[in-house]
Each structure stands twice: as C-alpha cells, then as structure tokens.
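Participant: Chains as they are written, first to last, in the working numbering: chain A, 1 to 109; chain B, 1 to 112.
Hints were generated in silico from the structure; no laboratory data involved. Treat the hints with care, as some may be off.
[Claimed, not checked] Straight-line alpha carbon distances no greater than 35 Å define the calculated DSBU-like cross-link-like pairs of lysine-lysine that follow:
(1) K96(A) - K17(B)
(2) K18(B) - K57(A)
(3) K76(A) - K96(A)
(4) K71(B) - K18(B)
(5) K76(A) - K57(A)
(6) K57(B) - K68(A)
Since the structure is predicted, the reported quantities are computational estimates derived from the model, not experimental observations.
In case you want the letters, here they are:
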Amino acid sequence: GQNIDQPTEMTATEGAIVQINCTYQTSGFNGLFWYQQHAGEAPTFLSYNVLDGLEEKGRFSSFLSRSKGYSYLLLKELQMKDSASYLCAVTGGYQKVTFGTGTKLQVIP
Amino acid sequence: EAQVTQNPRYLITVTGKKLTVTCSQNMNHEYMSWYRQDPGLGLRQIYYSMNVEVTDKGDVPEGYKVSRKEKRNFPLILESPSPNQTSLYFCASSWAKGREAFFGQGTRLTVV
Numbered sequence: 001g002q003n004i005d006q007p008t009e010m011t012a013t014e015g016a017i018v019q020i021n022c023t024y025q026t027s028g029f030n031g032l033f034w035y036q037q038h039a040g041e042a043p044t045f046l047s048y049n050v051l052d053g054l055e056e057k058g059r060f061s062s063f064l065s066r067s068k069g070y071s072y073l074l075l076k077e078l079q080m081k082d083s084a085s086y087l088c089a090v091t092g093g094y095q096k097v098t099f100g101t102g103t104k105l106q107v108i109p
Numbered sequence: 001e002a003q004v005t006q007n008p009r010y011l012i013t014v015t016g017k018k019l020t021v022t023c024s025q026n027m028n029h030e031y032m033s034w035y036r037q038d039p040g041l042g043l044r045q046i047y048y049s050m051n052v053e054v055t056d057k058g059d060v061p062e063g064y065k066v067s068r069k070e071k072r073n074f075p076l077i078l079e080s081p082s083p084n085q086t087s088l089y090f091c092a093s094s095w096a097k098g099r100e101a102f103f104g105q106g107t108r109l110t111v112v
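Bound-form chain A, shown alone (with noise of 0.2 Å):
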C-alpha cells in the first residue's frame, strides 16, 4: 500500500520562501505530483517529478529523493493567492494514485 505524509498546516509571510514537505513509503513508485487547491475548487497541477533532484518553474520548485522517500514543493515570493491547500501525491502503475491529506497554507501580509 501507499502512505504519504505531510503537515496539515503552514502559514507564511507574503514575500517570503516556504518549503512543503511529502514522505512517502509505497509498495510501487512511479512519479510523484504536487497539486494546488483553492478552498472550494477543483485541484490544479503543479509537477511532477520521476527522478532525483529539483525541477523549477518559475516561483515553484519541486525536489524529490527517491531513495529516501522525500519530496517538497518550494514556494518563493509568496503572494496572497498562494494561499491554498497544496496536495501531495504518488503514482504507482498506471492511472492508480495515491494522495497525502494536503497542507493548508496560510499566507499573512
């Protein structure tokens, strides 16, 4: 089976950098995606990571360590909108996905 953890809540200061960290622990492992989700909305892609090491795009980053079964999402500029829930999840054959609880984060002025 899959388990995936992450913190269930954040808050961080509009301008700033905060980092979301994933572990994860599967029994089969394909990729690992990072997804955003605004209260009451439907879950939008953010990336999605195979290999080791860090994939940038544009203020969003995302690492992931394979043998450790470790990820994060990296926030830099933090502007008010990126306040959001930001969902973890693993990908282990075919179309079978597995998702964290997600992290609430709150962005402050």
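Assemble the complex: chain A is given as a structure, and chain B must be docked to it using the hints.
Facilitator: Okay, now just chain B, sitting in the frame of chain A:
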C-alpha cells in the same frame, strides 16, 4: 476550451435511491479517474480507467460502479447510496500515465 465537466454540481438524495454522476472530457484523454474528498482524509481514488472498456478499482471502490463505453465519458454510479457516501466527488482525466490530471468542478453529494 479544454475541460472536464461533471454533473450535477450539487445533489441531495435519500438512502437507497440509485444515482449517476456524469463526467465528460473534451481532450481525447485515455485516462480517467474518480475521487472522493473528505475532511482529514484527502482525495481518495475510487475507480480509474486506462481506456474504453478498461477499468480498475482504486483505494475505495466499495459501493460504487463505473463504466467506460466511450472515451469521453466516465460516469460514476451509486446503486444504493448510503450516508457514508456523502462527500465531494471529483472526476479527472489525463492523456497519459504520469501526466497532469485535469479535474472537473466537483460534485457535492449529500445522502440523507
């Protein structure tokens, strides 16, 4: 506009009354999935489909059925809904394994 459309958006029903939530995508995606989202539990995959007539169980399939007769449609069927199926449901599609999933707007279902 590329999109995944779910209907209805909101539904209140009674225990035992069969219902279907429809999902349609216009992106010619092969892969489609259904999820339910509950507070403290996150998104949990109910069923997924790799192509027409190919479906498989996710983590919480009990009490649900799906079908994939056409590539664009992936309805979720609750034959005999129960209150523990009260949840927010999302349909999603992607064009290949490991590619970003596009989610529908969600269906908030209440079973009384």
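Participant: Against each hint, give a clear statement of whether it holds in the structure.
Facilitator: Each hint, compared with the structure:
no.: 1; hint: K96(A) - K17(B); in the structure: holds (29 Å)
no.: 2; hint: K18(B) - K57(A); in the structure: violated (45 Å)
no.: 3; hint: K76(A) - K96(A); in the structure: holds (31 Å)
no.: 4; hint: K71(B) - K18(B); in the structure: holds (24 Å)
no.: 5; hint: K76(A) - K57(A); in the structure: holds (11 Å)
no.: 6; hint: K57(B) - K68(A); in the structure: holds (28 Å)
The structure does not agree with numbered hint 2 stated previously, though it agrees with all others.
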